[in-house]
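Chemist: Sequence:
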Amino acid sequence: MKKAKILVVEDQNIVALNIRNKLKNLGYTVPGTASTGEEAIRKAELTNADLVLMDIMLKGDMDGIEAAREIKARLKIPVLYLTAYTDDETLERAKMTEPAGYISKPFKEEDLHSNIEMALHKHKAEKKEIESDSDE
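Quick note, my numbering runs 270 ahead of the 1-based positions in the sequence shown.
Take the hints with a grain of salt, since some may be wrong.
Only pairs whose alpha carbons sit at most 30 Å apart, straight line, appear in this in silico DSBU-like list of lysine-lysine [stated by the list, open to error]:
1. Lys-292 x Lys-365
2. Lys-397 x Lys-378
3. Lys-378 x Lys-365
4. Lys-342 x Lys-365
Cβ-Cβ distance ranges computed for the label pairs, FRET-style [said to hold, decoys possible]:
5. Lys-365 x Arg-312: 19 to 27 Å
6. Lys-292 x Glu-340: 22 to 30 Å
7. Lys-365 x Lys-292: 23 to 31 Å
Since the hints were derived computationally from the structure, they do not count as laboratory data.
Cβ atoms here follow ideal geometry from the backbone N, Cα and C, with glycine treated the same way.
Starting from the given sequences, assemble the full structure and let the hints guide the process.
Modeler: Given below as structure tokens:
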């Protein structure tokens, strides 16, 4: 089974490296990290990631929710939020992007793993459904 490629979008470098190491320990490939929304979109295109792990507060003009909206619309890559922001307003904005999940920091490695696996499984099932619909 091929390892899933997960793009890490996190504006704090030390946190991004920590997440990257956890993902590698769990058996995933991390083709890159990004610290801005614009960089996240560009790297999602270049790396052909299977999933984007997205922080909401990022450097630059574009936050993680806007970046997720673009990535999902353009590239059809599932986005899993991993953030310290759990207020109702942020949650409502995030829900509008139909994320694959929403994990609040600090997180447990097991929670990260199970959420990633569910997101990848759901995305694969949705792709299969779309392909079978177009075959009819």
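Chemist: Taking the hints in turn, state whether each one holds.
Modeler: Right, here's what the structure says about each hint:
1. Lys-292 x Lys-365: holds (26 Å)
2. Lys-397 x Lys-378: Roughly 29 Å between the alpha carbons, so the hint for Lys-397 and Lys-378 holds.
3. Lys-378 x Lys-365: holds (22 Å)
4. Lys-342 x Lys-365: holds (13 Å)
5. Lys-365 x Arg-312: 19 to 27 Å: Holds, since Lys-365 and Arg-312 (Cβ atoms, about 25 Å apart) stay within the stated range.
6. Lys-292 x Glu-340: 22 to 30 Å: About 26 Å separates the Cβ atoms of Lys-292 and Glu-340, which means 22 to 30 Å holds.
7. Lys-365 x Lys-292: 23 to 31 Å: holds (26 Å)
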